[in-house]
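Given the coordinates of chain A, work out where chain B should sit on it, guided by the hints.
There are 2 protein chains.
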Amino acid sequence: MTTPPKPVTDFSKLCIHTITTKPWTIEEAARHYFEEGIGGITVWRDALYGRDIKQTGQMLRDYNLQVISLCRGGFFPHLEASGRQKAIDDNKKAVDEAAALGAPMIVLVCGAVPGQPLEESRKQIKEGIQTVLPYAESAGVKLAIEPLHPMYADSRSAINTLAQANDMAEEINSAYVGVAVDVYHLWWDPYLEAEIARCGKNGHLFAFHICDWKTPTTDMLNDRGLMGEGCIPVRQIRSWVEKAGFNGFNEVEIFSTKYWSEDQSAFLKKIKEAYLEHS
Amino acid sequence: MTTPPKPVTDFSKLCIHTITTKPWTIEEAARHYFEEGIGGITVWRDALYGRDIKQTGQMLRDYNLQVISLCRGGFFPHLEASGRQKAIDDNKKAVDEAAALGAPMIVLVCGAVPGQPLEESRKQIKEGIQTVLPYAESAGVKLAIEPLHPMYADSRSAINTLAQANDMAEEINSAYVGVAVDVYHLWWDPYLEAEIARCGKNGHLFAFHICDWKTPTTDMLNDRGLMGEGCIPVRQIRSWVEKAGFNGFNEVEIFSTKYWSEDQSAFLKKIKEAYLEHS
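Those sequence lines, one after another, are chains A and B. Residue numbers are given in my numbering: position 75 of the first sequence equals residue 75, and the series is strictly consecutive. Basically my numbering = 1-based index in the second sequence + 1000.
Among these hints, one or two may not hold up.
[Stated by the list, open to error] Result set (DSS-like, lysine-lysine): computed pairs, CA atoms no more than 30 Å apart in a straight line:
| no. | chain 1 | residue 1 | chain 2 | residue 2 |
| --- | --- | --- | --- | --- |
| 1 | A | Lys214 | B | Lys1214 |
| 2 | A | Lys126 | A | Lys86 |
| 3 | A | Lys214 | B | Lys1123 |
| 4 | A | Lys123 | B | Lys1126 |
| 5 | B | Lys1022 | B | Lys1201 |
| 6 | A | Lys214 | B | Lys1086 |
| 7 | A | Lys214 | B | Lys1022 |
| 8 | B | Lys1269 | B | Lys1006 |
| 9 | B | Lys1086 | A | Lys123 |
| 10 | B | Lys1214 | B | Lys1272 |
| 11 | A | Lys13 | A | Lys201 |
| 12 | A | Lys126 | B | Lys1214 |
| 13 | B | Lys1258 | A | Lys214 |
| 14 | A | Lys6 | A | Lys54 |
| 15 | B | Lys1013 | B | Lys1258 |
| 16 | A | Lys214 | B | Lys1126 |
| 17 | B | Lys1214 | A | Lys86 |
| 18 | B | Lys1258 | A | Lys258 |
| 19 | A | Lys272 | A | Lys243 |
| 20 | B | Lys1214 | A | Lys22 |
| 21 | A | Lys269 | A | Lys214 |
| 22 | A | Lys243 | B | Lys1022 |
[Claimed, not checked] Some chain B residues flagged as far from chain A (calculated, every beta-carbon gap over 12 Å):
| no. | residue |
| --- | --- |
| 23 | Thr1025 |
| 24 | Glu1097 |
| 25 | Pro1150 |
| 26 | Asp1223 |
Hints listed in this document are in silico derivations from the structure and should not be mistaken for laboratory results. All C-beta atoms, glycine included, are put in the ideal place defined by N, C-alpha and C.
With the rest of the complex left out, here is chain A:
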């Protein structure tokens, strides 16, 4: 709250998630991101479907795009042991994909099972991460726990605050396990600034995702806004993240039925404008 946070001035630290421009193939996305001078890309696994992943990674690098992370692993909790084992197998597969792609990190949407106590899901999440961890370490791929908004606690993640993600990363205590901070999920938290500082101090601040929360929000999944369109103090939060030592990419992750229905080239220009003005 001393000096106002500074705006970003260029696109070198701008990363876009392939899902943000979902109508594009990854090849189209890469070409457009390159043409617009964007520095990084985070790849959603569905974008890799049917591709040679190594070649796709090379294609991204040929377009001067730094691969920031692979989205997403996780979904560890299940009522049955067989379901939990399937999740472990799928997370190992994600590690293979990240290694082939040249992505240094996987973002984990940790999972939850409606009706299973959150405490039990949290235990299963921790066990799942610990089981996958040696495999990830030997592949040189980091795992980023992404705390999700409490409105997803029923079925998507039992980790709903940065404090919980910090707790878990500290308990697991590996250089390969950290946290992805997403403003959409965490902006409301009265302890956000302090928990970001704690996360950075422990070397656990692996990723920073941005977008905005619109009023009204008409869909719980696919109505995210561009930075500046909503109530999230994105620039303020970025300043906290940087104060905590983070100097990685600012990743634009927007799920939006509205924006997906628009011309994606025009949308990409809007993202760049919003990034300069509101991030």
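Same frame as chain A, but now just chain B:
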């Protein structure tokens, strides 16, 4: 986590919010609640529109209904001082209505302004409550801060966890200011049990609201479920609330476009069944 929480066995501590059976007038609701042997009613202010409030309170008592609270006051934050003054005036009006009705308490949905920093809104909420407090005290009407789910932090409440509500109630430190615990808003919170204990210990646990969180939830406002229809451990949370010393009513507060479109008498029977089986 020692002995499993006990079910409720009768309807003497069951309270229903008039908004739960929104298609009914308050007169219809009172008659049906009485006929079904329900012990309490919480009145939403819109249900009083055009009525003599004193007479309405008498009508409720004639139906053997204990008036638990008046919903709702609050919405203190505004960008302009004039808006904040209007909110104060409206909350005083709510105090008058509660006193006339014979309701011992008003539930506060504290408010938030999209784009105004949450910290500022929280300050305005505290000032608002403190300003209304002497008026409420002299009318013998209590004020219950209801922490709202973080998905309402943009425009409905900047108080989003029980810890925040407890903090504020303790700071204000009056026998007339406490907290309303609603499972829908708070079930996901990893600190819920501890914060309920803290709330009770301080004499601040004024009200307990129940319903359920459905998967999927298709509307952020009006798709609440009946107890047992979703993932909230209602009985577990009730046991924590009672362990914390609460012996008031269990208030069923369900906003549901689906249920409002059904026959309300049949819905009321479903509420009673769900109450016995899942509360």
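Hints versus structure:
1. The straight-line distance between the Cα atoms of Lys214/A and Lys1214/B is roughly 23 Å, inside the 30 Å bound, and the hint therefore holds.
2. Between Lys126/A and Lys86/A the alpha-carbon distance is near 16 Å, which keeps this suggested pair within the 30 Å criterion.
3. Distance hint between Lys214/A and Lys1123/B is fulfilled; the C-alpha atoms sit about 23 Å from each other, no more than 30 Å.
4. For the proposed pair Lys123/A and Lys1126/B, the alpha carbon gap of about 38 Å is over 30 Å, so the pair is violated.
5. About 35 Å separates the Cα atoms of Lys1022/B and Lys1201/B, which puts this hinted pair outside 30 Å; it is violated.
6. The hinted pair formed by Lys214/A and Lys1086/B meets the criterion: a straight-line CA distance of about 26 Å does not exceed 30 Å.
7. Of the supplied pair hints, the one linking Lys214/A and Lys1022/B holds, its CA atoms being roughly 28 Å apart against a limit of 30 Å.
8. Restraint check: the Cα-Cα separation between Lys1269/B and Lys1006/B comes to about 21 Å, which is no more than 30 Å; the hinted pair holds.
9. As the CA atoms of Lys1086/B and Lys123/A are separated by approximately 48 Å, the hinted pair breaks the 30 Å bound.
10. Straight-line distance between C-alpha atoms of Lys1214/B and Lys1272/B comes to about 19 Å, which keeps the hinted pair within the 30 Å bound.
11. With a CA separation close to 21 Å, the supplied pair Lys13/A and Lys201/A stays within the 30 Å bound.
12. Simply put, Lys126/A and Lys1214/B have alpha-carbon atoms about 26 Å apart, close enough for the 30 Å limit, and the pair holds.
13. Restraint check for Lys1258/B and Lys214/A: satisfied, since their Cα atoms lie roughly 25 Å apart, inside the 30 Å limit.
14. Taken as a hint, the Lys6/A and Lys54/A pair is broken in the structure, with Cα atoms around 38 Å apart against an allowance of 30 Å.
15. Between Lys1013/B and Lys1258/B the CA atoms are separated by roughly 26 Å; this keeps the pair inside 30 Å, and the hint holds.
16. Our distance criterion of 30 Å between C-alpha atoms is met by Lys214/A and Lys1126/B, whose separation comes to about 26 Å.
17. Restraint check: the Cα-Cα separation between Lys1214/B and Lys86/A comes to about 26 Å, which is no more than 30 Å; the hinted pair holds.
18. Pair hint Lys1258/B plus Lys258/A holds up; C-alpha atoms about 26 Å apart against a cutoff of 30 Å.
19. As the CA atoms of Lys272/A and Lys243/A are separated by approximately 23 Å, the hinted pair is consistent with the 30 Å bound.
20. At roughly 28 Å between alpha-carbon atoms, Lys1214/B and Lys22/A fall within 30 Å of each other, so this suggested pair holds.
21. Restraint check: the Cα-Cα separation between Lys269/A and Lys214/A comes to about 20 Å, which is no more than 30 Å; the hinted pair holds.
22. A C-alpha spacing of about 50 Å is found between Lys243/A and Lys1022/B, which places the hinted pair above 30 Å, so the restraint is violated.
23. The Cβ of Thr1025/B lies farther than 12 Å from every Cβ of chain A, with a closest approach of about 29 Å, so its non-interface assignment holds.
24. Listed as a non-interface residue, Glu1097/B keeps its Cβ farther than 12 Å from every Cβ of chain A; the least gap is roughly 28 Å.
25. With 12 Å as the threshold on Cβ separation, the claim that Pro1150/B sits away from chain A is violated: the shortest Cβ distance comes to roughly 4 Å.
26. Some Cβ of chain A comes within 12 Å of the Cβ of Asp1223/B; the nearest lies about 10 Å off, and the non-interface call is violated.
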